[in-house]
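*Asks:* Sequence:
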Amino acid sequence: MAAPSIQSESVPVDTECILEPLSLPESPGGVDAVESSPYVPCIFCKECYALAEQNQLLKHMIIEHKLVIADVKLVADFRSYILYWKRRFAEQPITDFCSVIRTNSKAPLEEQDNYFLLCDALPEDRLLREQLQQKRLREILEQQQQERYDTSFHSMCMFCDQEFTGNRSVLLNHMAREHAFNIGLPDNIVNCYEFLAVLQGKLDNLQCLYCEKVFRDKNTLKDHMRKKQHRRINAKNKEYDKFYIINYLEFGKSWEEVQSEDDRELLDDLEEDWSDWEEHPVCAVCLFCEQQADTTEKLYLHMQKSHGFHFPKIKSEHGLNFYQQVKLVNFIRREIHHCRCYNCQEKFESKGGLISHMEETKHIALLPARSTWDQPQYYFPTYENDTLLCTLSDSEDAKTEDQSEEIPVVSEDISSLKALKQSSVLNQLLLADLSCFFCKTKKITLFQYYWNTMKLTNVIITGQILESEF
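Take any residue in the sequence shown, count from 1 to its spot, add 527: that is its number in this note's numbering.
If you are wondering where the hints come from, they were derived from the structure by calculation, not from laboratory data.
Heads up, some of the hints might be wrong.
Unchecked claim - Below, a list of computed lysine-lysine pairs in the DSS-like style, where the Cα atoms sit at most 30 Å apart:
{"hint": "1", "residue 1": "K889", "residue 2": "K840"}
{"hint": "2", "residue 1": "K840", "residue 2": "K874"}
{"hint": "3", "residue 1": "K729", "residue 2": "K754"}
{"hint": "4", "residue 1": "K763", "residue 2": "K586"}
{"hint": "5", "residue 1": "K840", "residue 2": "K878"}
{"hint": "6", "residue 1": "K633", "residue 2": "K662"}
{"hint": "7", "residue 1": "K755", "residue 2": "K745"}
{"hint": "8", "residue 1": "K600", "residue 2": "K662"}
{"hint": "9", "residue 1": "K593", "residue 2": "K573"}
{"hint": "10", "residue 1": "K878", "residue 2": "K832"}
{"hint": "11", "residue 1": "K832", "residue 2": "K842"}
{"hint": "12", "residue 1": "K749", "residue 2": "K763"}
{"hint": "13", "residue 1": "K765", "residue 2": "K749"}
{"hint": "14", "residue 1": "K840", "residue 2": "K769"}
{"hint": "15", "residue 1": "K840", "residue 2": "K600"}
{"hint": "16", "residue 1": "K840", "residue 2": "K613"}
{"hint": "17", "residue 1": "K889", "residue 2": "K842"}
{"hint": "18", "residue 1": "K765", "residue 2": "K755"}
{"hint": "19", "residue 1": "K586", "residue 2": "K600"}
{"hint": "20", "residue 1": "K586", "residue 2": "K573"}
{"hint": "21", "residue 1": "K765", "residue 2": "K754"}
{"hint": "22", "residue 1": "K769", "residue 2": "K755"}
{"hint": "23", "residue 1": "K745", "residue 2": "K765"}
{"hint": "24", "residue 1": "K729", "residue 2": "K755"}
{"hint": "25", "residue 1": "K613", "residue 2": "K573"}
{"hint": "26", "residue 1": "K749", "residue 2": "K769"}
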């Protein structure tokens, strides 16, 4: 028996089959979705690259989209920069922002190419770059501040087995002091952990930190770095730039450009009007008490009336020249400091008791034998900031003044006086505060400054020669 035949209906065949599962988007698309991704997108298409593949992205945009970004190395945050322009190019045509560069301009029209240049000549682009620079600078300064006060630092010295905990400066100062390895002041360094890890990695790979040559073993590397004085980093290696604060300070400038700037042009802007020049008084201290005076005449008068010590008279009677006055002042300063009478050598418990004794016995006006104080050791100041030494004078000064009054002065051609003033070394020296090299006196007269500095220089040299003979 034949089976009943079933008449089948014709079913249309769907040629557009779905051969893979579909998924609905879990987050909104567009630029906002790309911002949450760790990758850097192309400005024009959906291509994405890792941040480390920045050059590949730039190559893609040049070849596929004819876009050239100028001075990419000066962009502080490359990913934020790309995301910003991706959003802006979606809003307006590229020709509103970029300069058009036509290549093969002499070729037929179909063979010509238009390239688009995005650079900081566009005010919006420059503003964006500066804002990204300021943002990065704030982040770097916050990181540096955190590292400066961090007390949880822990690391081992790269050159010995000593461990350090606390602050990063302890390790950096140890390497500079004990191993002559100085990478800079701790306050000038940021991301110290990463910096040390980079350096340690090179040493682990038996690579010299300066010339970056690789050696066969650790001992050979150590000998090389010691003999060649390569126990330092190569300042020209751009890999280290990100670890120094100076490279973040000015937009578009590296540390080399910052340090090479000539600041001398700032002096040219200074007004050369000396009408407001004020000569600050020189305050010298009494030899026997704390009294100060702004002139030597007042100080000498005080010592004569209060203590019975007539310095000009003593200088005249003993015929003291400048160098002998220096030794006498330093001798008296030292004896008073030790609370010892310089005449009878009696020692006292306090300075007040000593002065009372010297005034009552008149020992204050009686100098000991010249051989007692006229010694090479008293060429050197007892007090580092003894201003009295800079105000001393001798008979040579008076002779010079008398002679200058008698000698007629013949005028000379002053037609080029202004030009001479501009290039004068003396004029440049006047721009700075006059401070004595030996006693740190501020803004004394120019003649007095040079005269006393010259004589005190001779004092020091003479003292050193005489000391070597003894």
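*Asks:* All hints are to be evaluated individually against the structure, with a verdict given for each.
*Replies:* Consistency of the hints with the structure:
1. K889 x K840: holds, 15 Å
2. K840 x K874: This hinted pair holds, its Cα atoms lying about 27 Å apart.
3. K729 x K754: Distance ~19 Å between K729 and K754 Cα, so the pair holds.
4. K763 x K586: Distance of about 27 Å is within 30 Å: holds.
5. K840 x K878: Judged against 30 Å, a Cα distance of about 25 Å means the pair holds.
6. K633 x K662: Given that 30 Å is the threshold and the Cα spacing comes to 45 Å, the pair is violated.
7. K755 x K745: holds, 15 Å
8. K600 x K662: The given pair, whose Cα atoms are some 16 Å apart, holds under the 30 Å limit.
9. K593 x K573: With a Cα-Cα distance of about 16 Å, the restraint between K593 and K573 holds, given a limit of 30 Å.
10. K878 x K832: Holds: K878 and K832 sit about 19 Å apart, inside 30 Å.
11. K832 x K842: holds, 17 Å
12. K749 x K763: Given pair K749, K763 holds - Cα atoms ~22 Å apart, limit 30 Å.
13. K765 x K749: holds, 24 Å
14. K840 x K769: The hint is violated at about 68 Å.
15. K840 x K600: violated, 75 Å
16. K840 x K613: violated, 89 Å
17. K889 x K842: Holds, at roughly 18 Å.
18. K765 x K755: The hint holds at about 22 Å.
19. K586 x K600: Holds, because 15 Å separates the two Cα atoms, which is no more than 30 Å.
20. K586 x K573: Between K586 and K573 the Cα gap is close to 15 Å, so the pair holds against 30 Å.
21. K765 x K754: holds, 25 Å
22. K769 x K755: Answer holds: K769 to K755 is near 26 Å, not above 30 Å.
23. K745 x K765: Between K745 and K765 the Cα gap is close to 25 Å, so the pair holds against 30 Å.
24. K729 x K755: holds, 17 Å
25. K613 x K573: holds, 11 Å
26. K749 x K769: holds, 27 Å
When each numbered hint is compared with the structure, violations occur for hints 6, 14, 15, 16.
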